[in-house]
Amino acid sequence: MTKTDNIVQVIAAIVLVACLAASAALGTAISAEAGRAQLVYTDRATDGDPPAVALGIAMGAFRGLFVNYLWLRANHLKEEGKFHEAIELSSAITKLQPRFPRVWAFHAWNMAYNISVATPTAEERWQWVQAGIRLLRDEGIPMNRNDVLLHKELAWIFVHKIQGFSDDANRYYKRRVAEEWTWVLGTPPTLPETTEDARRIMNEWFARVANAPDSLEGVINRELSERRATVRPEERDQVVSKVRELADRIRREAGLQLDLDLLRLVAYYESYRSAWYADSGTLRISLAETRRNRSLEALLDDERFADAWDRLIPHVRKRVLINDYNMDPGRMLHYMERFGPLDWRHPASHAAYWSAKGVELGLRREGVDGFNTVNTDRITVHAMQELFRTGTIYYDLITNDYSTLINLHYTDTYGEIVETLAARGGLTEDTRQRAYTLMSAGYENFLKDVVRTYYRMGDIETAERYRQRYITWPGRNMNDLSEFDKDSLSLTEWVREVAFDRLNTPYVATSEVEAALRDAYIRGLLGGDMDIFQAQYRYALEVHRYYYTDQNIRTHVDQDANRMEYMPRDFREMAGLVMLRLIASGSVGQLQASRIYERSPTALRQLVFDGLQGIMAQRGMPRERFETLFPEPPGMERFRQERQQQMMLDPDAEKQELQFQQR
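Numbering that gives the first Met the number 0 puts the sequence shown at residues 0 to 662.
Hint data in this document are derived by calculation from the structure and do not stem from the laboratory.
Be careful, since some hints might not be right.
[Claimed, not checked] Listed below are the simulated SDA-like cross-link pairs for lysine to any residue, each with C-alpha atoms no more than 20 Å apart in a straight line:
(1) K241 to Y267
(2) K485 to W472
(3) K81 to P97
(4) K485 to N503
(5) K81 to L71
No experiment lies behind these values; they were computed from the predicted model shown.
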């Protein structure tokens with residue numbers, strides 16, 4: 000062996016030793032980071048884990064094969080309808096491979112869809128739907144933060160399972176979502192009909208939560224800083240924190256923590272305080288007694304803590320959103336600015352949040368599956384459709400009454416985002432290379448609904464403007480050329496031929512009834528044309544009656560509501576809701592609103608009086624002016640007593656339809 004060979008061997012040995020040392024150091028660091036990020040198999044079993052977890056851990060290097068077996072076995076059990084056994088195996092797989100997104104999706108789908116429909120009551124179904132949501136939101140997504148699939152699956156549960164009407168218990172789900180998010184965020188403000196103002200008001204309302212300090216100490220420090228700035232320098236050391244005192248007394252006297260339980264009780268307190276039946280003795284006790292915390296109520300009534308409550312509650316809401324719902328308040332506010340005045344009591348708002356978030360995070364990764372991205376974008380679009388159709392929510396936390404109306408603030412949102420999302424869809428949504436795309440079809444149907452809605456409201460100019468947008472939109476599908484033959488029709492003919500053919504569809508019937516009633520109130524009562532009023536009212540009543548005759552789908556799962564009940568089953572309740580919204584929204588001036596109110600039948604004024612009084616009081620209207628503009632109709636005491644009896648004894652009773660008579 001030559002001297003050169005020896006030198007080469009020595010150098011090679013040195014390099015080898017250096018590589019081994021570097022490998023050991025890097026391997027330790029990489030393993031530690033993988034463990035922190037949960038990129039490795041679980042290496043220990045905990046109490047309550049399925050037996051398969053311990054077995055998989057014990058198999059060491061062969062656990063990958065074992066997980067594959069579990070996955071195949073879980074699929075087989077699902078196909079056999081053995082959902083509970085499949086869930087147990089799925090749970091084991093999520094423990095052994097937390098970074099395997101598809102098993103999280105499989106597990107959540109089984110709970111939210113397969114097992115839920117196998118249970119006999121709406122309450123049990125909701126428990127399983129919630130379990131699927133929580134699995135994805137609280138466990139699966141935190142383990143796979145940038146995975147598009149999991150965000151898509153979660154968004155789909157909200158927009159399809161809850162907001163859709165295919166599940167017999169969907170009405171129950173909607174009420175539960177509205178209830179829960181009334182606890183979390185409170186009742187949002189009543190919005191005007193001007194979209195720009197509506198966005199501003201809703202964003203300002205939610206910004207108090209998004210911009211609240213992250214910690215209690217942060218709230219206290221901000222309070223002290225602001226209060227000390229208002230006093231003389233020599234008095235600043237004497238300023239003490241009311242927020243700290245309030246938080247301590249909430250824990251000590253009311254026995255509560257700064258969490259969702261506190262928000263829940265505060266929401267009930269505020270609802271009782273502002274409700275028309277707040278002082279109705281027996282009803283208040285029957286509804287409220289189990290939800291009361293008298294120590295908390297004393298703190299809420301204490302005027303010394305008014306400012307402290309205003310500072311503390313937004314912070315608690317923010318922490319609950321982050322800790323309990325894995326949601327980012329800043330991102331929520333961003334989507335409200337992007338999409339519109341999102342009402343978080345609406346399932347579609349949550350669908351929009353999770354679908355948009357999933358795509359945004361997923362696009363940061365290399366090699367993202369374009370199919371999942373396109374499908375997730377479609378859920379965002381679908382959510383916008385649902386918000387247009389049913390985005391105005393009326394929910395009473397005490398009585399659990401839930402109704403929705405159309406929300407015109409989303410009229411332009413769909414069109415604003417569809418082109419961006421279509422461009423991201425590539426060939427599948429490229430109208431230049433395809434005669435038909437799903438996103439274009441969705442937008443065409445949406446525009447038809449918009450035209451029909453404005454036409455029925457009597458806003459012919461706006462209806463025609465959106466019809467021209469439909470006709471001239473460059474993204475129209477070309478697969479059915481007969482649609483283009485209808486472009487030359489008049490607006491009335493076009494509405495009849497193109498847009499008005501789906502009265503058995505929930506949102507179509509609801510929007511028809513609402514739009515006709517609005518026109519009856521504005522052109523009929525306000526305009527003094529009783530022929531228009533009677534005609535539009537009669538049309539709304541006929542559509543309402545036709546819909547509930549055709550779609551009277553009652554089930555044993557949720558006996559409190561018709562599965563297709565997208566508007567109140569009692570027509571007079573629908574008529575009252577539409578009038579209340581019209582007056583409260585500010586779309587007509589106070590004097591015009593007063594004229595509509597005064598020209599309305601007594602029965603209708605009785606329906607809206609208490610709600611209108613509460614809304615105007617919140618807005619600071621003096622009582623004397625309210626009584627002048629909206630005098631109390633005769634017979635209110637008897638009307639209230641009858642409503643109380645109905646709420647207590649027979650909340651789902653059928654009521655006789657309101658017959659409008661001239662005074």
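Evaluated hints:
1. K241 to Y267: violated, 23 Å
2. K485 to W472: Judged against 20 Å, a Cα distance of about 15 Å means the pair holds.
3. K81 to P97: Measuring from Cα to Cα gives roughly 23 Å; hence the hint is violated.
4. K485 to N503: violated, 23 Å
5. K81 to L71: holds, 14 Å
The structure is inconsistent with the numbered hints 1, 3 and 4, although it conforms to all the rest.
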